[in-house]
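*Asks:* Sequence:
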Amino acid sequence: MLNQDSLSQLKGLKTKMEAEKEHAEAVIKGTQARYGFAVLDDGREIFIPPDEMLKAFPDDRVRVCIRPTKDNKTIADIERLIDSPLGDFTGRCVRKGKAIFVEPDLSQLSRWLFIPPHARNGVKEGDYVRCAILRHPIRDGKPQAKILGVVGDESTPGIENLYSMAKHRLSVEWGAASRKELEKQLAECKPLETERRRDLKDLEFISIDAAKTQDIDDALYAQIADDGWTLFVAIADPTSYIPGDSELHRDVAARGTSVYFHGDVLPMLPEELSQETCALSEGADRPALVCKISIKDNGEVADYEFMEATVRSRAKLSYYAVDKYLTGQNEELMMHASPLEALYQVYRALRAHRQEHHLVMEDRQEYRWIMGDDKQIDHIEPFEKMLSQRLVEECMIATNRCAARFLNERNASGPYVTHPGFRSDRLDETRKFLDMHAPQAAQQDPKTVEGYRSIIRALSQPEQELPLRTMVNRLLTRAELTVKPAPHMGMALEHYTNCTSPLRKYVDFLVHLQIKAALHDDEAKMVDDQLLKDLSSRIASARAATLEAERWLASKHLARMSAQREGMTFKARVTHVNSSGFTVRLDDNGLSGFVDLRKDPEKFSYDKWTASLTSTTRRFQLDKPVELRFIGVDRDNQYQASFELVEGCGLKPPKEEKKTAAE
Numbered sequence: 001m002l003n004q005d006s007l008s009q010l011k012g013l014k015t016k017m018e019a020e021k022e023h024a025e026a027v028i029k030g031t032q033a034r035y036g037f038a039v040l041d042d043g044r045e046i047f048i049p050p051d052e053m054l055k056a057f058p059d060d061r062v063r064v065c066i067r068p069t070k071d072n073k074t075i076a077d078i079e080r081l082i083d084s085p086l087g088d089f090t091g092r093c094v095r096k097g098k099a100i101f102v103e104p105d106l107s108q109l110s111r112w113l114f115i116p117p118h119a120r121n122g123v124k125e126g127d128y129v130r131c132a133i134l135r136h137p138i139r140d141g142k143p144q145a146k147i148l149g150v151v152g153d154e155s156t157p158g159i160e161n162l163y164s165m166a167k168h169r170l171s172v173e174w175g176a177a178s179r180k181e182l183e184k185q186l187a188e189c190k191p192l193e194t195e196r197r198r199d200l201k202d203l204e205f206i207s208i209d210a211a212k213t214q215d216i217d218d219a220l221y222a223q224i225a226d227d228g229w230t231l232f233v234a235i236a237d238p239t240s241y242i243p244g245d246s247e248l249h250r251d252v253a254a255r256g257t258s259v260y261f262h263g264d265v266l267p268m269l270p271e272e273l274s275q276e277t278c279a280l281s282e283g284a285d286r287p288a289l290v291c292k293i294s295i296k297d298n299g300e301v302a303d304y305e306f307m308e309a310t311v312r313s314r315a316k317l318s319y320y321a322v323d324k325y326l327t328g329q330n331e332e333l334m335m336h337a338s339p340l341e342a343l344y345q346v347y348r349a350l351r352a353h354r355q356e357h358h359l360v361m362e363d364r365q366e367y368r369w370i371m372g373d374d375k376q377i378d379h380i381e382p383f384e385k386m387l388s389q390r391l392v393e394e395c396m397i398a399t400n401r402c403a404a405r406f407l408n409e410r411n412a413s414g415p416y417v418t419h420p421g422f423r424s425d426r427l428d429e430t431r432k433f434l435d436m437h438a439p440q441a442a443q444q445d446p447k448t449v450e451g452y453r454s455i456i457r458a459l460s461q462p463e464q465e466l467p468l469r470t471m472v473n474r475l476l477t478r479a480e481l482t483v484k485p486a487p488h489m490g491m492a493l494e495h496y497t498n499c500t501s502p503l504r505k506y507v508d509f510l511v512h513l514q515i516k517a518a519l520h521d522d523e524a525k526m527v528d529d530q531l532l533k534d535l536s537s538r539i540a541s542a543r544a545a546t547l548e549a550e551r552w553l554a555s556k557h558l559a560r561m562s563a564q565r566e567g568m569t570f571k572a573r574v575t576h577v578n579s580s581g582f583t584v585r586l587d588d589n590g591l592s593g594f595v596d597l598r599k600d601p602e603k604f605s606y607d608k609w610t611a612s613l614t615s616t617t618r619r620f621q622l623d624k625p626v627e628l629r630f631i632g633v634d635r636d637n638q639y640q641a642s643f644e645l646v647e648g649c650g651l652k653p654p655k656e657e658k659k660t661a662a663e
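Using our numbering, the first residue of the sequence shown is number 1, and each one after it goes up by one.
Simulated from the structure, these hints should not be mistaken for laboratory data. All figures in this text were calculated on a predicted structure; none of them were measured in a lab. Backbone N, C-alpha and C define an ideal beta-carbon position, used for all residues, glycine too. One or more of the hints may lead you astray.
As the list claims (entries may be wrong) - Mimicking PhoX-like on lysine-lysine, the simulated pairs with C-alpha atoms at most 20 Å apart in a straight line are:
#1 Lys-556 with Lys-375
#2 Lys-96 with Lys-146
#3 Lys-505 with Lys-533
#4 Lys-385 with Lys-212
#5 Lys-505 with Lys-516
#6 Lys-190 with Lys-599
#7 Lys-447 with Lys-432
#8 Lys-201 with Lys-73
#9 Lys-571 with Lys-556
#10 Lys-608 with Lys-652
#11 Lys-484 with Lys-516
#12 Lys-98 with Lys-29
#13 Lys-190 with Lys-432
#14 Lys-124 with Lys-212
#15 Lys-385 with Lys-375
#16 Lys-180 with Lys-190
#17 Lys-96 with Lys-73
#18 Lys-212 with Lys-316
#19 Lys-556 with Lys-484
#20 Lys-70 with Lys-21
#21 Lys-603 with Lys-652
#22 Lys-484 with Lys-447
#23 Lys-21 with Lys-98
#24 Lys-652 with Lys-571
#25 Lys-484 with Lys-525
#26 Lys-124 with Lys-146
#27 Lys-212 with Lys-432
#28 Lys-201 with Lys-190
#29 Lys-21 with Lys-96
#30 Lys-29 with Lys-96
#31 Lys-73 with Lys-29
#32 Lys-142 with Lys-98
#33 Lys-385 with Lys-324
#34 Lys-201 with Lys-124
#35 Lys-652 with Lys-624
#36 Lys-292 with Lys-70
Claimed, not checked - What follows is a set of in silico ranges between Cβ atoms, one per label pair, in the way DEER data are often shown:
#37 Val-360 with Arg-573: 42 to 50 Å
#38 Gly-141 with Ser-246: 54 to 62 Å
#39 Asp-445 with Ala-225: 44 to 52 Å
#40 Asp-42 with Asn-408: 39 to 47 Å
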């Protein structure tokens, strides 16, 4: 045994070791509360108390001193700033007394930043602004910001769109170098004069699109063949005007996609190209990439050919007019009867074949927002997808399938649009779900196209009590862009890509570049993983911007409706369930929101196997009806609308009284 002196020495050594401090570099991780964490390079996360967190911003790289506290806990003190990546950002100006602050619109940064008088740039309370850090808080915990520009305030028409563009850094203007290159290309580029283009001007191409569409990127023609039909799909060819190694091309790539807001559009290409020079406008000779497809009588996509060509659209027809003609309600388009009748037959064959051999996404009720002059929602009206829209959709899918086959056969480096199906880390859960709800499909292999198709079809049977097809969504992955071909499980196709919208989507633009390279006997190797990763990030930013603007507009519309009628309630259906509550879609207008049950007096139990939340007296389940009141908006969650339940909603049916033995 150790004597008393030895024990004392060990105790002193332990105290000394605990008192020793460690110095290290770390990245600051913020929280919604005042405290944070220092994430060390070795992966450790050390608590940073609130007073120390005042000295830094989330994502700052700093030097910290790690030390024990009196209660034997470990904390980090911030000693020095190494790097602060926080550049310009957006937010809203608020006032406290005579002082003006900006409330940053940044995740994990909830503190107000003081704006000194000389840095206000004419800003006023309530303005939405772009800012930058003027003074870092590392010395005394008192940061300052400066105003770079005012986006507008609540009275600015379209502020929802404008602010979302600024927040997500979407490009609005074209750079001077790009404009100069564009002018040069428009003046000097003569793509119709190249000898390798085929002359297809004699074919009666027509475009079918929305009446107001100007960036027309496809035109169709079909004719009867011996064993089916021949479908020609002409696609606008902007790549012929945009050199690969040019500032204009880099600007287009940086945008990645056209972004469609309600009332505003940020085009991927300059309008001189997308709406004029490249658009397949009626009566104009245009360069095009044409896909010629043989469609068999049973709707199977057989042989195909891509070619560079010159085309001339005979007419720009609206979805509405074509739909009226196809449903026998209007004969004004009789002059285009031959191509329209052939296209309709092609559509029916393609659709029937896809429904039998692949997967077709079920349509749901759609809604159209009618905007007022103030760029706010005036009203919302339901609409059904028209037959003419389905016709165009089937032709585009057939063309995209051919493009994917072409890339695969030429050993091109993508881009492919793939969908892995069920998450690889949830396969055990998937099997358990199938065992519980669809045992007839439990033996199918979810990793194969055939197995996935069989499973989804089994989950989509209309006679089932539970909405199994919707319930399984939480186990599925998202579609992704890849350089290597892989199945698109969501459509039950071996290969897929997108090529029919090069005026609006950079993925399609890239596919055109790859196809044309192969047609010229060059290697189609212009795409790599990093390019697709960057592109996916830009597309995600655009999607987040439009979602935020839409939610903001929707919440204002709901607020106006609720204010006009006291006690107004909304009927809805549950579209998603988690442990916190559930998402709903309103029956009358399709708007979405969230019902938070965490503060409900009753405690709810979440069951992922039945997609339900159950308490002692109430039960809420996926696809079930509910009645709600609008209570506000969650600004911190992309302006998501918040609802509360009407009293009595979701009550369980009363249990039948047990009959006594005497009865």
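*Asks:* Next, verify each hint and record whether it holds.
*Replies:* Cross-check of the supplied hints:
1. Lys-556 with Lys-375: Holds, at about 12 Å.
2. Lys-96 with Lys-146: 17 Å, holds
3. Lys-505 with Lys-533: Holds: Lys-505 and Lys-533 sit about 15 Å apart, inside 20 Å.
4. Lys-385 with Lys-212: Since the Cα atoms of Lys-385 and Lys-212 sit roughly 17 Å apart, the hinted pair holds (cutoff 20 Å).
5. Lys-505 with Lys-516: Status holds; Cα separation ~17 Å.
6. Lys-190 with Lys-599: 66 Å, violated
7. Lys-447 with Lys-432: Holds, at about 15 Å.
8. Lys-201 with Lys-73: 79 Å, violated
9. Lys-571 with Lys-556: 18 Å, holds
10. Lys-608 with Lys-652: 19 Å, holds
11. Lys-484 with Lys-516: At roughly 18 Å apart (the allowed maximum being 20 Å), Lys-516 and Lys-484 satisfy the hint.
12. Lys-98 with Lys-29: 32 Å, violated
13. Lys-190 with Lys-432: Not OK: Lys-190 and Lys-432 at ~61 Å, beyond 20 Å, violated.
14. Lys-124 with Lys-212: 38 Å, violated
15. Lys-385 with Lys-375: 25 Å, violated
16. Lys-180 with Lys-190: 17 Å, holds
17. Lys-96 with Lys-73: 37 Å, violated
18. Lys-212 with Lys-316: 10 Å, holds
19. Lys-556 with Lys-484: 44 Å, violated
20. Lys-70 with Lys-21: Roughly 14 Å between the alpha carbons, so the hint for Lys-70 and Lys-21 holds.
21. Lys-603 with Lys-652: Within the cut-off at roughly 15 Å; holds.
22. Lys-484 with Lys-447: Within the cut-off at roughly 17 Å; holds.
23. Lys-21 with Lys-98: 43 Å, violated
24. Lys-652 with Lys-571: At roughly 18 Å apart (the allowed maximum being 20 Å), Lys-571 and Lys-652 satisfy the hint.
25. Lys-484 with Lys-525: Holds - the C-alpha atoms of Lys-525 and Lys-484 are around 11 Å apart, at most 20 Å.
26. Lys-124 with Lys-146: The hint holds at about 13 Å.
27. Lys-212 with Lys-432: Given that 20 Å is the threshold and the Cα spacing comes to 50 Å, the pair is violated.
28. Lys-201 with Lys-190: Within the cut-off at roughly 17 Å; holds.
29. Lys-21 with Lys-96: Status violated; Cα separation ~40 Å.
30. Lys-29 with Lys-96: With Cα atoms ~28 Å apart, Lys-29 and Lys-96 exceed 20 Å; violated.
31. Lys-73 with Lys-29: The hint holds at about 19 Å.
32. Lys-142 with Lys-98: Between Lys-142 and Lys-98 the Cα gap is close to 17 Å, so the pair holds against 20 Å.
33. Lys-385 with Lys-324: With Cα atoms ~13 Å apart, Lys-385 and Lys-324 stay inside 20 Å; holds.
34. Lys-201 with Lys-124: Not OK: Lys-201 and Lys-124 at ~59 Å, beyond 20 Å, violated.
35. Lys-652 with Lys-624: Since the Cα atoms of Lys-652 and Lys-624 sit roughly 13 Å apart, the hinted pair holds (cutoff 20 Å).
36. Lys-292 with Lys-70: This hinted pair is violated, its Cα atoms lying about 78 Å apart.
37. Val-360 with Arg-573: 42 to 50 Å: Violated, since Val-360 and Arg-573 (Cβ atoms, about 22 Å apart) do not stay within the stated range.
38. Gly-141 with Ser-246: 54 to 62 Å: Violated: the Cβ-Cβ distance is about 48 Å, outside 54 to 62 Å.
39. Asp-445 with Ala-225: 44 to 52 Å: 37 Å, violated
40. Asp-42 with Asn-408: 39 to 47 Å: 44 Å, holds
The structure shown violates the earlier hints numbered 6, 8, 12, 13, 14, 15, 17, 19, 23, 27, 29, 30, 34, 36, 37, 38 and 39.
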